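**Student:** Modelling step: build the complete structure from the supplied sequences, incorporating the hints.
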Amino acid sequence: MAVASSPRGHVFAVHGRLETVRYDEVIVPTDRRFRVGSTWDGVLSGVRPVRPDNWGRGYGRSQENAGVWFISVFDDVAVTGDELEQRLDVLVGAIVAESRLSSVDRRVVALPVLGLGGGAQGARRGEVIRELVAALSRIASQHGVDIALVTPDLAVHGAIQHLRRQHSETHFELSRTEADAAAELGALAQQGHLALFLGAGVSMAAGLPSWGQLLRDLSRHAKIASSDFDSLADSPLDQAELISLHLNDRLGSTVAAIVRAKTQVSLAHALLAGLDCGEVVTTNYDGLYELAVESTGRPRPVQLPRETVRAGRPWLLKMHGDVSDEDSIVLTRRSFVRYDAQSRPAGSLLQSLMMTKHLLVVGTSMSDDNVIRLAVEVDDFLKSDAHFGTFVDVSAPSARTKLWEKRFHWLNCAGDDTAARVRRMEIFLDAVGMFAATDASWLLDGRFAGLLEPTDRKITAEARRVAQKAFESGSGLLQPLQQRLGELGAKRQTKLPRLSRTRATLQ
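Position 105 of the sequence shown, counting from 1, maps to 248 under the working numbering, and the rest follow consecutively.
The hints are all genuine.
Within a straight-line C-alpha distance of at most 27 Å, the following computed DSSO-like cross-link-like pairs (lysine-lysine) qualify:
id, residue 1, residue 2
1, Lys405, Lys366
2, Lys500, Lys526
3, Lys526, Lys549
4, Lys549, Lys500
5, Lys545, Lys500
6, Lys526, Lys545
7, Lys601, Lys634
8, Lys612, Lys601
9, Lys634, Lys612
Derived CB-CB ranges, DEER-like:
id, residue 1, residue 2, range
10, Arg600, Gly180, 29 to 39 Å
11, Gln229, Lys366, 52 to 62 Å
12, Arg178, His364, 44 to 54 Å
Note that these hints are calculated values from the structure, not bench results.
Note that the structure is a prediction, hence the values are computed from the model and not measured.
Backbone N, C-alpha and C fix where the C-beta goes; we use that ideal spot for every residue, glycine too.
**Tutor:** Structure follows, in C-alpha coordinates:
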(Lines of atoms letter the chains of each structure in order from A and count residues from 1; the text may use other names and numbers.)
(Lines give C-alpha, C1' and ligand atoms only; values in the text may rest on other atoms or scores of the structure.)
Protein backbone atom coordinates (compact mmCIF):
# COMPACT_ATOMS: atom_id res chain seq x y z
CA MET A 1 0.00 0.00 0.00
CA ALA A 2 2.11 2.83 -1.29
CA VAL A 3 0.15 5.90 -0.25
CA ALA A 4 1.03 7.40 3.13
CA SER A 5 -1.67 8.25 5.61
CA SER A 6 -3.12 11.72 5.35
CA PRO A 7 -4.27 14.13 8.06
CA ARG A 8 -7.69 14.03 6.42
CA GLY A 9 -10.13 12.25 8.72
CA HIS A 10 -12.04 9.11 7.84
CA VAL A 11 -15.55 7.86 8.61
CA PHE A 12 -15.67 4.16 9.52
CA ALA A 13 -18.90 2.17 9.18
CA VAL A 14 -19.09 -0.26 12.10
CA HIS A 15 -21.70 -2.96 12.63
CA GLY A 16 -21.92 -3.52 16.37
CA ARG A 17 -22.86 -2.02 19.70
CA LEU A 18 -21.45 1.35 20.65
CA GLU A 19 -20.43 0.32 24.17
CA THR A 20 -18.27 -2.56 22.92
CA VAL A 21 -16.10 -0.48 20.54
CA ARG A 22 -12.89 1.16 21.78
CA TYR A 23 -12.96 4.91 21.14
CA ASP A 24 -11.50 8.10 22.58
CA GLU A 25 -14.67 10.19 22.58
CA VAL A 26 -18.30 9.22 22.11
CA ILE A 27 -21.34 11.30 21.17
CA VAL A 28 -24.63 10.29 22.82
CA PRO A 29 -27.94 11.63 21.43
CA THR A 30 -30.61 13.15 23.64
CA ASP A 31 -33.12 16.01 23.41
CA ARG A 32 -33.37 19.62 24.55
CA ARG A 33 -34.87 18.50 27.87
CA PHE A 34 -31.87 16.20 28.33
CA ARG A 35 -33.76 12.91 28.47
CA VAL A 36 -31.14 10.19 27.94
CA GLY A 37 -32.57 6.80 26.99
CA SER A 38 -31.61 3.54 28.68
CA THR A 39 -30.12 2.42 25.35
CA TRP A 40 -26.97 4.29 26.33
CA ASP A 41 -26.53 2.84 29.84
CA GLY A 42 -23.60 0.72 28.67
CA VAL A 43 -21.84 3.73 27.18
CA LEU A 44 -22.40 5.74 30.37
CA SER A 45 -21.19 2.88 32.60
CA GLY A 46 -24.42 2.98 34.58
CA VAL A 47 -23.80 6.54 35.82
CA ARG A 48 -26.88 8.76 35.79
CA PRO A 49 -26.08 11.66 33.45
CA VAL A 50 -26.35 15.29 34.56
CA ARG A 51 -27.22 18.08 32.16
CA PRO A 52 -23.95 19.62 30.87
CA ASP A 53 -23.11 23.26 31.40
CA ASN A 54 -24.33 25.64 28.65
CA TRP A 55 -26.80 23.01 27.41
CA GLY A 56 -28.68 25.76 25.58
CA ARG A 57 -26.15 25.30 22.76
CA GLY A 58 -27.61 21.85 22.09
CA TYR A 59 -24.43 19.97 22.95
CA GLY A 60 -22.02 19.59 25.85
CA ARG A 61 -19.52 17.39 27.63
CA SER A 62 -20.54 14.94 30.33
CA GLN A 63 -19.70 16.01 33.86
CA GLU A 64 -19.43 12.39 35.05
CA ASN A 65 -17.90 10.39 32.18
CA ALA A 66 -14.63 11.47 30.62
CA GLY A 67 -14.82 11.27 26.86
CA VAL A 68 -18.63 11.37 26.68
CA TRP A 69 -20.40 14.21 24.88
CA PHE A 70 -24.12 14.79 24.43
CA ILE A 71 -25.99 16.29 21.50
CA SER A 72 -29.65 17.23 21.24
CA VAL A 73 -31.26 15.76 18.13
CA PHE A 74 -34.72 16.99 19.09
CA ASP A 75 -35.42 20.52 20.29
CA ASP A 76 -39.00 21.67 19.78
CA VAL A 77 -38.82 19.71 16.53
CA ALA A 78 -36.34 17.23 15.09
CA VAL A 79 -32.88 18.65 14.42
CA THR A 80 -32.00 17.64 10.87
CA GLY A 81 -30.05 18.62 7.78
CA ASP A 82 -27.86 21.72 7.91
CA GLU A 83 -28.80 22.46 11.52
CA LEU A 84 -27.65 19.03 12.72
CA GLU A 85 -24.46 19.25 10.65
CA GLN A 86 -23.64 22.66 12.10
CA ARG A 87 -24.18 21.39 15.64
CA LEU A 88 -22.02 18.32 15.00
CA ASP A 89 -19.35 20.46 13.38
CA VAL A 90 -19.05 22.70 16.44
CA LEU A 91 -19.09 19.71 18.80
CA VAL A 92 -16.36 17.83 16.92
CA GLY A 93 -14.36 21.06 16.77
CA ALA A 94 -14.54 21.26 20.57
CA ILE A 95 -13.36 17.64 20.85
CA VAL A 96 -10.41 18.31 18.54
CA ALA A 97 -9.47 21.47 20.45
CA GLU A 98 -9.33 19.53 23.72
CA SER A 99 -7.29 16.73 22.18
CA ARG A 100 -4.71 19.27 21.01
CA LEU A 101 -4.40 20.55 24.57
CA SER A 102 -3.68 17.00 25.73
CA SER A 103 -1.11 16.43 22.93
CA VAL A 104 -3.03 13.48 21.48
CA ASP A 105 -2.40 13.14 17.75
CA ARG A 106 -5.32 10.91 16.81
CA ARG A 107 -8.82 10.77 18.23
CA VAL A 108 -11.50 8.28 17.25
CA VAL A 109 -14.94 9.78 17.83
CA ALA A 110 -17.76 7.23 17.92
CA LEU A 111 -21.47 7.92 17.54
CA PRO A 112 -24.68 6.10 16.59
CA VAL A 113 -26.87 6.95 13.61
CA LEU A 114 -28.49 10.10 14.98
CA GLY A 115 -32.21 10.71 14.74
CA LEU A 116 -33.66 7.25 14.20
CA GLY A 117 -34.86 6.75 17.77
CA GLY A 118 -35.56 9.69 20.02
CA GLY A 119 -34.89 12.02 17.12
CA ALA A 120 -38.26 10.95 15.66
CA GLN A 121 -36.82 10.42 12.17
CA GLY A 122 -37.22 6.65 12.00
CA ALA A 123 -39.80 6.90 9.22
CA ARG A 124 -37.30 8.66 6.91
CA ARG A 125 -34.24 6.52 7.49
CA GLY A 126 -32.98 6.85 3.95
CA GLU A 127 -32.80 10.64 4.09
CA VAL A 128 -31.29 10.58 7.59
CA ILE A 129 -28.52 8.20 6.54
CA ARG A 130 -27.77 10.11 3.34
CA GLU A 131 -27.55 13.46 5.16
CA LEU A 132 -25.59 12.11 8.13
CA VAL A 133 -22.95 10.23 6.11
CA ALA A 134 -22.36 13.28 3.92
CA ALA A 135 -22.15 15.58 6.95
CA LEU A 136 -19.76 13.33 8.85
CA SER A 137 -17.51 12.99 5.80
CA ARG A 138 -17.21 16.77 5.53
CA ILE A 139 -16.64 17.16 9.28
CA ALA A 140 -14.00 14.42 9.41
CA SER A 141 -12.16 15.98 6.48
CA GLN A 142 -12.33 19.50 7.88
CA HIS A 143 -11.15 18.63 11.39
CA GLY A 144 -8.81 15.76 10.50
CA VAL A 145 -10.57 13.44 12.95
CA ASP A 146 -11.58 9.81 12.54
CA ILE A 147 -15.25 9.02 13.17
CA ALA A 148 -16.78 5.59 13.79
CA LEU A 149 -20.45 5.45 12.80
CA VAL A 150 -21.75 2.50 14.80
CA THR A 151 -25.08 0.68 14.51
CA PRO A 152 -26.27 -2.74 15.71
CA ASP A 153 -29.07 -2.68 13.10
CA LEU A 154 -28.14 -4.87 10.13
CA ALA A 155 -30.50 -3.07 7.74
CA VAL A 156 -29.18 0.37 8.71
CA HIS A 157 -25.59 -0.84 8.35
CA GLY A 158 -26.38 -2.42 4.99
CA ALA A 159 -27.94 0.83 3.79
CA ILE A 160 -24.88 2.80 4.89
CA GLN A 161 -22.58 0.43 3.02
CA HIS A 162 -24.76 0.67 -0.10
CA LEU A 163 -24.53 4.46 0.02
CA ARG A 164 -20.77 4.38 0.46
CA ARG A 165 -20.33 1.98 -2.46
CA GLN A 166 -22.15 4.44 -4.70
CA HIS A 167 -19.56 7.11 -3.88
CA SER A 168 -16.56 5.10 -2.68
CA GLU A 169 -14.08 7.48 -4.27
CA THR A 170 -15.21 10.24 -1.90
CA HIS A 171 -15.10 8.06 1.23
CA PHE A 172 -11.71 6.38 0.84
CA GLU A 173 -8.25 7.70 0.14
CA LEU A 174 -7.14 4.54 -1.59
CA SER A 175 -4.97 4.06 -4.63
CA ARG A 176 -6.40 2.10 -7.54
CA THR A 177 -4.32 -0.91 -6.47
CA GLU A 178 -5.63 -0.69 -2.91
CA ALA A 179 -9.22 -0.22 -4.01
CA ASP A 180 -8.97 -3.20 -6.36
CA ALA A 181 -7.51 -5.36 -3.58
CA ALA A 182 -10.28 -4.30 -1.19
CA ALA A 183 -12.95 -5.06 -3.80
CA GLU A 184 -11.42 -8.48 -4.52
CA LEU A 185 -11.30 -9.41 -0.83
CA GLY A 186 -14.86 -8.15 -0.38
CA ALA A 187 -16.04 -10.33 -3.24
CA LEU A 188 -14.26 -13.34 -1.73
CA ALA A 189 -16.01 -12.68 1.58
CA GLN A 190 -19.37 -12.53 -0.22
CA GLN A 191 -18.64 -15.90 -1.84
CA GLY A 192 -17.67 -17.49 1.49
CA HIS A 193 -14.13 -18.03 0.21
CA LEU A 194 -12.35 -15.69 2.65
CA ALA A 195 -10.85 -16.97 5.92
CA LEU A 196 -9.01 -14.92 8.56
CA PHE A 197 -5.75 -15.35 10.43
CA LEU A 198 -5.47 -12.83 13.28
CA GLY A 199 -2.32 -12.02 15.23
CA ALA A 200 -1.48 -9.94 18.28
CA GLY A 201 -1.54 -6.65 16.37
CA VAL A 202 -5.33 -6.76 16.12
CA SER A 203 -5.69 -6.96 19.90
CA MET A 204 -2.87 -4.48 20.57
CA ALA A 205 -5.10 -1.89 18.90
CA ALA A 206 -7.62 -2.62 21.67
CA GLY A 207 -5.02 -1.80 24.32
CA LEU A 208 -3.66 -5.28 25.01
CA PRO A 209 0.12 -5.71 25.27
CA SER A 210 2.38 -7.07 22.58
CA TRP A 211 3.99 -10.42 23.26
CA GLY A 212 7.16 -8.69 24.44
CA GLN A 213 5.26 -6.33 26.72
CA LEU A 214 3.18 -9.22 28.06
CA LEU A 215 6.37 -11.03 29.04
CA ARG A 216 7.69 -7.93 30.80
CA ASP A 217 4.39 -7.50 32.66
CA LEU A 218 4.51 -11.15 33.69
CA SER A 219 8.10 -10.79 34.87
CA ARG A 220 7.01 -8.03 37.23
CA HIS A 221 4.20 -10.21 38.56
CA ALA A 222 6.75 -12.97 39.08
CA LYS A 223 9.14 -10.50 40.79
CA ILE A 224 12.02 -11.47 38.53
CA ALA A 225 15.07 -9.22 38.71
CA SER A 226 15.29 -6.97 35.65
CA SER A 227 18.91 -8.01 35.09
CA ASP A 228 17.95 -11.69 34.94
CA PHE A 229 15.01 -11.03 32.63
CA ASP A 230 16.99 -8.74 30.30
CA SER A 231 19.86 -11.24 30.08
CA LEU A 232 17.50 -13.44 28.03
CA ALA A 233 16.36 -10.61 25.74
CA ASP A 234 17.54 -12.48 22.64
CA SER A 235 15.12 -15.34 23.40
CA PRO A 236 11.54 -14.42 24.37
CA LEU A 237 10.72 -18.12 24.71
CA ASP A 238 13.42 -18.49 27.34
CA GLN A 239 12.09 -15.38 29.10
CA ALA A 240 8.69 -17.06 29.19
CA GLU A 241 10.28 -20.26 30.52
CA LEU A 242 11.93 -18.28 33.33
CA ILE A 243 8.59 -16.66 34.18
CA SER A 244 6.96 -20.08 34.27
CA LEU A 245 9.56 -21.33 36.76
CA HIS A 246 8.69 -18.45 39.09
CA LEU A 247 4.89 -18.51 38.69
CA ASN A 248 4.48 -22.29 38.41
CA ASP A 249 0.77 -23.10 38.14
CA ARG A 250 -0.14 -19.40 38.38
CA LEU A 251 1.17 -18.62 34.88
CA GLY A 252 -2.14 -19.19 33.09
CA SER A 253 -4.20 -17.27 35.62
CA THR A 254 -1.75 -14.35 35.58
CA VAL A 255 -1.87 -14.16 31.78
CA ALA A 256 -5.67 -14.32 31.91
CA ALA A 257 -5.86 -11.48 34.45
CA ILE A 258 -3.78 -9.21 32.20
CA VAL A 259 -5.66 -10.10 29.02
CA ARG A 260 -9.15 -9.87 30.54
CA ALA A 261 -8.51 -6.26 31.60
CA LYS A 262 -9.61 -5.00 28.18
CA THR A 263 -13.30 -5.36 27.37
CA GLN A 264 -13.74 -3.16 24.28
CA VAL A 265 -12.85 -4.29 20.77
CA SER A 266 -10.53 -2.42 18.44
CA LEU A 267 -11.75 -0.96 15.18
CA ALA A 268 -9.91 -3.80 13.46
CA HIS A 269 -11.83 -6.39 15.51
CA ALA A 270 -15.14 -4.75 14.62
CA LEU A 271 -14.34 -4.37 10.92
CA LEU A 272 -13.08 -7.94 10.60
CA ALA A 273 -16.11 -9.31 12.45
CA GLY A 274 -18.29 -7.45 9.95
CA LEU A 275 -16.88 -9.58 7.12
CA ASP A 276 -18.89 -12.53 8.48
CA CYS A 277 -16.19 -15.10 7.70
CA GLY A 278 -17.03 -18.67 8.61
CA GLU A 279 -13.46 -19.79 9.39
CA VAL A 280 -11.09 -17.79 11.59
CA VAL A 281 -7.75 -18.73 13.18
CA THR A 282 -5.98 -16.66 15.83
CA THR A 283 -2.91 -16.86 18.03
CA ASN A 284 -4.52 -14.44 20.51
CA TYR A 285 -5.66 -15.52 23.96
CA ASP A 286 -8.40 -12.91 24.39
CA GLY A 287 -12.11 -13.10 23.53
CA LEU A 288 -12.39 -9.73 21.77
CA TYR A 289 -12.99 -11.05 18.26
CA GLU A 290 -15.79 -13.21 19.64
CA LEU A 291 -17.26 -10.15 21.37
CA ALA A 292 -17.09 -8.18 18.12
CA VAL A 293 -19.02 -10.92 16.30
CA GLU A 294 -21.62 -11.14 19.05
CA SER A 295 -22.06 -7.35 18.93
CA THR A 296 -23.33 -7.62 15.35
CA GLY A 297 -26.26 -9.71 16.56
CA ARG A 298 -24.82 -12.97 15.25
CA PRO A 299 -24.01 -15.83 17.63
CA ARG A 300 -20.46 -16.15 18.89
CA PRO A 301 -18.34 -18.45 16.75
CA VAL A 302 -17.77 -21.99 17.97
CA GLN A 303 -14.39 -22.02 19.69
CA LEU A 304 -12.01 -24.80 18.69
CA PRO A 305 -10.73 -27.02 20.17
CA ARG A 306 -12.96 -26.57 23.26
CA GLU A 307 -16.31 -26.77 21.47
CA THR A 308 -17.86 -28.85 18.71
CA VAL A 309 -18.48 -27.40 15.27
CA ARG A 310 -22.17 -26.92 14.52
CA ALA A 311 -23.95 -26.63 11.19
CA GLY A 312 -24.53 -23.04 10.18
CA ARG A 313 -22.21 -21.63 12.86
CA PRO A 314 -18.83 -20.04 12.11
CA TRP A 315 -15.84 -21.37 14.02
CA LEU A 316 -12.74 -19.83 15.57
CA LEU A 317 -9.56 -21.82 16.16
CA LYS A 318 -7.51 -20.60 19.15
CA MET A 319 -4.07 -21.94 18.18
CA HIS A 320 -2.29 -20.76 21.32
CA GLY A 321 -5.08 -21.20 23.83
CA ASP A 322 -7.72 -19.03 25.43
CA VAL A 323 -8.07 -17.17 28.73
CA SER A 324 -11.24 -19.13 29.50
CA ASP A 325 -9.05 -22.25 29.71
CA GLU A 326 -5.92 -21.08 31.50
CA ASP A 327 -4.10 -24.40 31.11
CA SER A 328 -4.37 -24.15 27.31
CA ILE A 329 -2.16 -21.06 26.99
CA VAL A 330 0.93 -21.61 24.82
CA LEU A 331 3.70 -19.22 25.90
CA THR A 332 6.87 -20.97 27.05
CA ARG A 333 9.60 -22.70 25.07
CA ARG A 334 8.43 -26.03 26.46
CA SER A 335 4.85 -25.47 25.22
CA PHE A 336 6.08 -24.43 21.77
CA VAL A 337 8.37 -27.47 21.48
CA ARG A 338 5.46 -29.73 22.40
CA TYR A 339 3.00 -27.91 20.14
CA ASP A 340 3.15 -30.21 17.13
CA ALA A 341 2.80 -33.37 19.21
CA GLN A 342 -0.07 -32.02 21.31
CA SER A 343 -1.90 -29.80 18.81
CA ARG A 344 -1.18 -31.24 15.37
CA PRO A 345 -4.87 -31.18 14.31
CA ALA A 346 -4.96 -27.42 14.95
CA GLY A 347 -1.98 -26.91 12.67
CA SER A 348 -3.53 -29.14 10.04
CA LEU A 349 -6.71 -27.07 10.12
CA LEU A 350 -4.74 -23.89 9.41
CA GLN A 351 -2.92 -25.68 6.61
CA SER A 352 -6.23 -26.75 5.07
CA LEU A 353 -7.33 -23.10 4.97
CA MET A 354 -4.09 -22.15 3.22
CA MET A 355 -4.91 -24.69 0.52
CA THR A 356 -8.68 -24.29 0.18
CA LYS A 357 -9.49 -20.67 1.08
CA HIS A 358 -8.05 -17.21 0.54
CA LEU A 359 -6.44 -16.41 3.91
CA LEU A 360 -6.47 -12.76 4.99
CA VAL A 361 -3.61 -12.35 7.49
CA VAL A 362 -3.85 -9.36 9.84
CA GLY A 363 -1.90 -8.30 12.92
CA THR A 364 1.09 -10.64 12.71
CA SER A 365 4.68 -10.27 11.52
CA MET A 366 4.93 -13.84 10.21
CA SER A 367 7.67 -14.62 12.75
CA ASP A 368 5.89 -17.34 14.77
CA ASP A 369 7.98 -20.49 14.27
CA ASN A 370 4.95 -22.78 14.44
CA VAL A 371 3.04 -20.80 11.82
CA ILE A 372 6.12 -20.56 9.60
CA ARG A 373 6.66 -24.32 9.81
CA LEU A 374 3.05 -24.98 8.83
CA ALA A 375 3.25 -22.58 5.90
CA VAL A 376 6.53 -24.08 4.67
CA GLU A 377 5.00 -27.57 4.76
CA VAL A 378 2.08 -26.38 2.62
CA ASP A 379 4.50 -24.60 0.30
CA ASP A 380 6.43 -27.85 -0.18
CA PHE A 381 3.23 -29.85 -0.64
CA LEU A 382 1.55 -27.68 -3.26
CA LYS A 383 2.51 -28.26 -6.87
CA SER A 384 0.98 -25.02 -8.15
CA ASP A 385 2.12 -21.43 -7.70
CA ALA A 386 -1.18 -20.37 -6.12
CA HIS A 387 -1.14 -17.76 -3.36
CA PHE A 388 -2.25 -18.68 0.16
CA GLY A 389 -3.93 -15.32 0.59
CA THR A 390 -3.30 -11.66 1.41
CA PHE A 391 -0.94 -10.39 4.11
CA VAL A 392 -1.66 -6.92 5.52
CA ASP A 393 1.62 -5.70 7.03
CA VAL A 394 1.85 -2.78 9.50
CA SER A 395 5.51 -3.32 10.37
CA ALA A 396 8.23 -1.27 8.74
CA PRO A 397 9.18 -2.56 5.26
CA SER A 398 11.66 -5.42 5.51
CA ALA A 399 13.18 -8.29 3.59
CA ARG A 400 10.50 -10.58 5.09
CA THR A 401 8.25 -9.52 2.21
CA LYS A 402 10.57 -11.23 -0.26
CA LEU A 403 10.45 -14.47 1.72
CA TRP A 404 6.69 -14.83 1.22
CA GLU A 405 5.78 -12.79 -1.86
CA LYS A 406 5.32 -15.94 -3.93
CA ARG A 407 2.67 -17.27 -1.52
CA PHE A 408 0.98 -14.10 -0.25
CA HIS A 409 -0.22 -10.92 -1.88
CA TRP A 410 1.72 -8.58 0.41
CA LEU A 411 0.20 -5.19 1.26
CA ASN A 412 2.58 -2.87 3.11
CA CYS A 413 0.64 -0.20 4.99
CA ALA A 414 2.39 3.13 4.61
CA GLY A 415 3.00 5.50 7.50
CA ASP A 416 5.71 7.27 9.44
CA ASP A 417 5.19 5.14 12.54
CA THR A 418 3.29 2.07 13.73
CA ALA A 419 0.21 4.07 14.74
CA ALA A 420 -0.07 5.61 11.26
CA ARG A 421 0.36 2.22 9.61
CA VAL A 422 -2.30 0.65 11.85
CA ARG A 423 -4.69 3.46 10.91
CA ARG A 424 -3.99 2.79 7.25
CA MET A 425 -4.78 -0.88 7.81
CA GLU A 426 -8.09 0.03 9.48
CA ILE A 427 -9.11 2.21 6.53
CA PHE A 428 -8.28 -0.62 4.14
CA LEU A 429 -10.33 -3.10 6.22
CA ASP A 430 -13.20 -0.62 6.24
CA ALA A 431 -13.12 -0.64 2.44
CA VAL A 432 -13.07 -4.45 2.39
CA GLY A 433 -16.13 -4.46 4.65
CA MET A 434 -17.94 -2.04 2.37
CA PHE A 435 -17.39 -4.29 -0.65
CA ALA A 436 -18.21 -7.43 1.37
CA ALA A 437 -21.59 -6.19 2.65
CA THR A 438 -24.45 -8.15 1.12
CA ASP A 439 -27.39 -7.26 3.34
CA ALA A 440 -30.31 -5.77 1.42
CA SER A 441 -32.97 -6.08 4.12
CA TRP A 442 -33.55 -2.34 3.75
CA LEU A 443 -34.28 -2.36 0.01
CA LEU A 444 -38.07 -2.89 0.13
CA ASP A 445 -38.49 -1.10 3.46
CA GLY A 446 -40.24 2.15 2.60
CA ARG A 447 -38.41 3.98 5.38
CA PHE A 448 -35.21 3.73 3.35
CA ALA A 449 -36.71 5.02 0.08
CA GLY A 450 -34.69 8.23 0.44
CA LEU A 451 -31.57 6.31 -0.59
CA LEU A 452 -33.04 5.34 -3.95
CA GLU A 453 -33.17 7.10 -7.29
CA PRO A 454 -36.68 7.99 -8.56
CA THR A 455 -36.88 5.04 -10.97
CA ASP A 456 -35.77 2.60 -8.28
CA ARG A 457 -38.33 4.07 -5.87
CA LYS A 458 -41.12 3.31 -8.31
CA ILE A 459 -39.94 -0.25 -8.84
CA THR A 460 -39.54 -0.97 -5.11
CA ALA A 461 -42.96 0.57 -4.41
CA GLU A 462 -44.46 -1.82 -6.95
CA ALA A 463 -42.53 -4.70 -5.38
CA ARG A 464 -44.04 -3.80 -1.99
CA ARG A 465 -47.52 -3.94 -3.51
CA VAL A 466 -46.74 -7.38 -4.95
CA ALA A 467 -45.42 -8.45 -1.55
CA GLN A 468 -48.63 -7.32 0.15
CA LYS A 469 -50.70 -9.35 -2.30
CA ALA A 470 -48.49 -12.37 -1.70
CA PHE A 471 -48.80 -11.99 2.08
CA GLU A 472 -52.58 -11.72 1.83
CA SER A 473 -53.00 -14.61 -0.60
CA GLY A 474 -52.71 -17.36 1.99
CA SER A 475 -51.17 -19.56 -0.70
CA GLY A 476 -48.57 -22.03 0.54
CA LEU A 477 -47.11 -22.07 -2.96
CA LEU A 478 -46.11 -18.42 -2.55
CA GLN A 479 -44.31 -18.90 0.76
CA PRO A 480 -40.83 -18.87 -0.85
CA LEU A 481 -41.75 -15.60 -2.57
CA GLN A 482 -43.08 -14.17 0.70
CA GLN A 483 -39.88 -15.19 2.48
CA ARG A 484 -37.57 -13.65 -0.13
CA LEU A 485 -39.51 -10.40 -0.29
CA GLY A 486 -39.51 -10.30 3.50
CA GLU A 487 -35.73 -10.73 3.53
CA LEU A 488 -35.52 -7.65 1.31
CA GLY A 489 -37.50 -5.60 3.81
CA ALA A 490 -41.09 -5.98 2.64
CA LYS A 491 -43.49 -6.04 5.58
CA ARG A 492 -47.05 -7.25 5.79
CA GLN A 493 -49.32 -4.25 6.23
CA THR A 494 -52.16 -4.69 8.69
CA LYS A 495 -55.39 -3.12 7.52
CA LEU A 496 -57.05 -0.93 10.09
CA PRO A 497 -60.72 -1.72 10.79
CA ARG A 498 -63.08 0.62 8.97
CA LEU A 499 -64.76 3.08 11.34
CA SER A 500 -68.55 3.20 11.37
CA ARG A 501 -70.03 6.34 9.85
CA THR A 502 -72.73 6.37 12.51
CA ARG A 503 -72.14 7.88 15.93
CA ALA A 504 -71.62 5.27 18.59
CA THR A 505 -74.14 5.18 21.41
CA LEU A 506 -72.71 5.04 24.90
CA GLN A 507 -74.37 2.31 26.93
